[in-house]
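Student: One-letter residues, chain by chain:
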Amino acid sequence: MNKTENNKAWFLVLPVFLLVAFSAVIPLMTVVNYSVQDIFDQNNAYFVGAEWFREVLRDPRLHDSLLRQFIYSFAVLAIEIPLGIAVALMMPTKGKMASLCLILLAIPLLIPWNVVGTIWQIFGRADIGLFGAALNGLGIDYNYASNPGDAWATVLLIDVWHWTSLVALLCFSGLRAIPEAFYQAAEIDRASKWAVFRYIQLPRLKSVLVIGVLLRFMDSFMIYTEPFVLTGGGPGNSTTFLSQTLTKMAVGQFDLGPAAAFSLVYFLIVLLVSWLFFTTITHMDKAK
Amino acid sequence: MAEIHLKSLAHSYFPNPATGADYAIREMDHVWHQGGAYALLGPSGCGKSTLLNIISGLLQPSEGEVLFDNVRVNEMPPKERNIAQVFQFPVIYDSMTVYDNLAFPLRNAKVPEAKVRAKVNEVAEILELHEVLHNKARNLTADEKQKVSMGRGLVRDDVSAILFDEPLTVIDPHLKWKLRRKLKQIHEQFNITMIYVTHDQLEASTFADKIAVMYGGQIVQFGTPRELFEVPNHTFVGFFIGSPGMNLIEVRRSEGGVSFDDIQVPLSDELNAYLADVPSYNLKVGIRPEFVHVWDKPVDDAYVTELVSHEDLGTHKILTLRLGNQLIKARLDEDRELPVGKVYVSFPQQWLKLYVDEFLIEEQV
Chain A
1 MNKTENNKAW
11 FLVLPVFLLV
21 AFSAVIPLMT
31 VVNYSVQDIF
41 DQNNAYFVGA
51 EWFREVLRDP
61 RLHDSLLRQF
71 IYSFAVLAIE
81 IPLGIAVALM
91 MPTKGKMASL
101 CLILLAIPLL
111 IPWNVVGTIW
121 QIFGRADIGL
131 FGAALNGLGI
141 DYNYASNPGD
151 AWATVLLIDV
161 WHWTSLVALL
171 CFSGLRAIPE
181 AFYQAAEIDR
191 ASKWAVFRYI
201 QLPRLKSVLV
211 IGVLLRFMDS
221 FMIYTEPFVL
231 TGGGPGNSTT
241 FLSQTLTKMA
251 VGQFDLGPAA
261 AFSLVYFLIV
271 LLVSWLFFTT
281 ITHMDKAK
Chain W
1 MAEIHLKSLA
11 HSYFPNPATG
21 ADYAIREMDH
31 VWHQGGAYAL
41 LGPSGCGKST
51 LLNIISGLLQ
61 PSEGEVLFDN
71 VRVNEMPPKE
81 RNIAQVFQFP
91 VIYDSMTVYD
101 NLAFPLRNAK
111 VPEAKVRAKV
121 NEVAEILELH
131 EVLHNKARNL
141 TADEKQKVSM
151 GRGLVRDDVS
161 AILFDEPLTV
171 IDPHLKWKLR
181 RKLKQIHEQF
191 NITMIYVTHD
201 QLEASTFADK
211 IAVMYGGQIV
221 QFGTPRELFE
231 VPNHTFVGFF
241 IGSPGMNLIE
251 VRRSEGGVSF
261 DDIQVPLSDE
271 LNAYLADVPS
281 YNLKVGIRPE
291 FVHVWDKPVD
301 DAYVTELVSH
311 EDLGTHKILT
321 LRLGNQLIKA
331 RLDEDRELPV
341 GKVYVSFPQQ
351 WLKLYVDEFL
361 IEEQV
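Protein chains in written order, with full-length UniProt numbering: chain A, 1 to 288; chain W, 1 to 365.
None of these hints come from the bench; they were simulated from the model. A hint or two may mislead.
Taking beta-carbon pairs under 7 Å as the criterion, some of the chain A residues facing chain W (in silico) [as the list claims (entries may be wrong)]:
#1 Ala24
#2 Gln184
#3 Ile188
#4 Asp189
#5 Arg190
#6 Ala191
Cross-link-like lysine to aspartate or glutamate pairs, in silico, DMTMM-like; alpha carbons within 20 Å at most [what the hints assert, rightly or not]:
#7 A:Lys193 with W:Asp100
#8 W:Lys317 with W:Asp300
#9 W:Lys79 with A:Glu187
#10 W:Lys136 with W:Asp157
#11 W:Lys184 with W:Asp143
#12 W:Lys110 with A:Glu187
#13 W:Lys182 with W:Glu227
#14 W:Lys79 with A:Glu180
#15 W:Lys178 with W:Glu188
#16 A:Lys206 with W:Asp94
#17 W:Lys342 with W:Asp312
#18 A:Lys248 with A:Asp38
#19 W:Lys342 with W:Glu358
#20 W:Lys79 with W:Glu3
#21 A:Lys193 with W:Glu75
#22 W:Lys136 with W:Glu188
#23 W:Lys184 with W:Asp200
#24 A:Lys248 with A:Asp64
#25 W:Lys119 with W:Asp100
#26 W:Lys115 with W:Asp172
#27 A:Lys193 with W:Glu80
#28 W:Lys79 with W:Asp69
#29 W:Lys210 with W:Glu227
#30 A:Lys193 with W:Glu362
One side of the interface only, derived from the structure: several residues of chain W facing chain A at Cβ under 10 Å [stated by the list, open to error]:
#31 Pro78
#32 Lys79
#33 Ile92
#34 Tyr93
#35 Pro105
Source: prediction; values computed, not measured. Virtual Cβ for every residue (Gly too), placed ideally from N, Cα, C.
Let's have the full structure, built from the sequences with the hints guiding it.
Tutor: Given below as structure tokens:
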């Protein structure tokens with residue numbers, strides 16, 4: 001086969017290239033620019049090398065929120081992924097009930113973050129919130145405003161409420177894509193429900209689970225609005241996650257240099273962990 | 001091991017079937033004996049797969065009973081019926097190795113691992129899968145995958161029956177023959193009832209001792225390949241079996257027999273007597289191209305036909321002849337010369353069959 005060489009086609013990529021340059025590459029480079037300089041005003045900028053990086057990497061505040069962030073994100077994944085799969089498995093597959101379930105599951109996904117935060121802020125209040133008051137009525141001492149554990153659990157609960165649907169819908173679509181013949185063969189082979197799940201459903205959910213895990217990890221790792229609306233990161237610093245620490249640093253204290261350095265570190269962490277997830281899941285049982 | 005009896009069985013996919021056309025399986029009574037090698041032959045959409053799924057339990061019949069050794073199993077799931085089924089397109093558990101795939105049905109039944117190993121190795125040997133036994137099943141070729149699906153049925157030596165639903169569709173032609181032989185050998189070795197669904201008459205007759213021909217949701221004939229060829233008892237069997245199929249000509253009653261296009265076909269006294277009693281006007285005569293006698297020269301009771309076309313198939317020729325307004329086919333041996341223009345043919349009485357309402361009127365010989 002003769003391949004026609006036509007390098008002019010590269011010009012067709014130019015608009016996308018420009019778009020990405022302006023929307024991602026140039027802003028990112030600006031951050032890189034900030035991260036290696038100490039800027040006082042327009043005419044007073046000094047190159048400081050890796051100074052800011054060294055500073056932020058030693059900052060105990062950041063260590064704390066990084067740890068908190070990791071625990072939070074893994075808790076989110078540990079709850080939402082199995083729960084999402086379970087919901088998808090239990091959903092009716094056809095008829096009106098299936099449509100109804102799909103609509104109900106989609107509703108939380110349509111609600112903006114700050115609205116979700118506000119809903120739970122009121123819903124969870126110990127004095128007038130349905131949820132908070134009900135718990136207290138049952139004799140459980142629950143108060144997210146004063147008890148760090150409760151605040152933490154509430155932020156986690158918010159995320160589960162908001163985003164388990166996403167995992168469930170992804171898995172539902174993955175399950176629908178499994179041909180009926182597989183279930184028939186499994187039935188003939190006398191497979192138990194668990195074996196059907198383990199050897200047919202789960203392997204075939206892998207690709208949607210990759211997407212689910214990555215989306216939920218990245219999103220939860222960058223969580224900002226919900227804890228901010230709920231308690232402003234409190235009580236104390238108990239629900240202050242990375243992005244909120246970053247915002248305080250950049251906008252509150254106007255420490256643009258360290259904030260930029262920190263942004264880059266943050267970005268690299270998200271990239272690294274996402275890559276780890278992606279390669280682990282896609283290489284799982286690919287031995288031969 | 002079991003005898004499978006389908007008793008007054010019928011199935012419709014509609015909740016309230018009214019006419020016969022609503023039924024995928026029309027009411028039938030049929031017995032598959034223990035240890036037989038059967039083929040279920042018929043065109044696409046005739047209900048073959050439906051019938052198979054009813055036997056295996058993937059589908060519950062809407063009417064009638066399925067009996068295994070005289071025990072009603074209608075409500076039993078496939079698991080408890082202990083039946084193996086191989087599907088048209090290979091189903092493999094692609095996260096497992098070939099070995100684990102073959103072991104899967106045994107492990108599900110909690111068979112001890114030592115026996116699992118022995119059985120899996122034995123079946124892998126028979127199906128020539130031992131070389132890829134420890135590979136991931138997803139990397140196999142299509143025919144290896146289908147062998148794995150078959151293997152999962154064959155490892156269970158205690159099954160009541162193994163059902164094959166056109167299992168060789170995706171297999172290369174040269175492997176088809178080999179695998180069919182293999183199945184036949186396995187059948188002889190283990191004496192398991194096997195029912196093999198296909199729409200290919202050659203496949204059916206090489207595999208099975210007895211063939212059930214299905215048409216329009218009914219088993220229209222159940223017999224050996226030879227019976228189906230020589231005495232097709234439904235016009236569909238005549239048409240479907242054989243290549244080319246039976247010549248079937250619509251006829252009217254006439255003096256001493258039947259006729260079409262002013263051509264008289266004499267019938268035996270017995271058939272004439274029978275015809276006088278039936279009211280139906282749906283009459284056909286049929287004769288296989290193999291049994292049409294082609295004369296070299298004009299003879300007394302031969303029909304004069306005109307040669308329309310011929311095909312030379314190497315071992316024999318197929319002539320297409322015009323008789324009246326009908327086209328009929330006749331088979332001519334390779335060593336005979338192709339006639340020119342007019343061809344004289346006759347229909348030997350013993351091979352000329354009469355069909356009333358599509359069913360054969362049998363003669364007592």
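Student: For each hint, tell me whether it holds in the structure or not.
Tutor: Outcome of the hint check:
no.	hint	verdict
1	Ala24	37 Å, violated
2	Gln184	5 Å, holds
3	Ile188	5 Å, holds
4	Asp189	4 Å, holds
5	Arg190	4 Å, holds
6	Ala191	5 Å, holds
7	A:Lys193 with W:Asp100	18 Å, holds
8	W:Lys317 with W:Asp300	25 Å, violated
9	W:Lys79 with A:Glu187	6 Å, holds
10	W:Lys136 with W:Asp157	25 Å, violated
11	W:Lys184 with W:Asp143	18 Å, holds
12	W:Lys110 with A:Glu187	15 Å, holds
13	W:Lys182 with W:Glu227	25 Å, violated
14	W:Lys79 with A:Glu180	17 Å, holds
15	W:Lys178 with W:Glu188	15 Å, holds
16	A:Lys206 with W:Asp94	12 Å, holds
17	W:Lys342 with W:Asp312	19 Å, holds
18	A:Lys248 with A:Asp38	18 Å, holds
19	W:Lys342 with W:Glu358	31 Å, violated
20	W:Lys79 with W:Glu3	18 Å, holds
21	A:Lys193 with W:Glu75	19 Å, holds
22	W:Lys136 with W:Glu188	31 Å, violated
23	W:Lys184 with W:Asp200	16 Å, holds
24	A:Lys248 with A:Asp64	15 Å, holds
25	W:Lys119 with W:Asp100	12 Å, holds
26	W:Lys115 with W:Asp172	33 Å, violated
27	A:Lys193 with W:Glu80	15 Å, holds
28	W:Lys79 with W:Asp69	17 Å, holds
29	W:Lys210 with W:Glu227	9 Å, holds
30	A:Lys193 with W:Glu362	54 Å, violated
31	Pro78	5 Å, holds
32	Lys79	5 Å, holds
33	Ile92	9 Å, holds
34	Tyr93	5 Å, holds
35	Pro105	4 Å, holds
Taken one by one, the earlier hints fail for this structure at numbers 1, 8, 10, 13, 19, 22, 26, 30, listed in ascending order.
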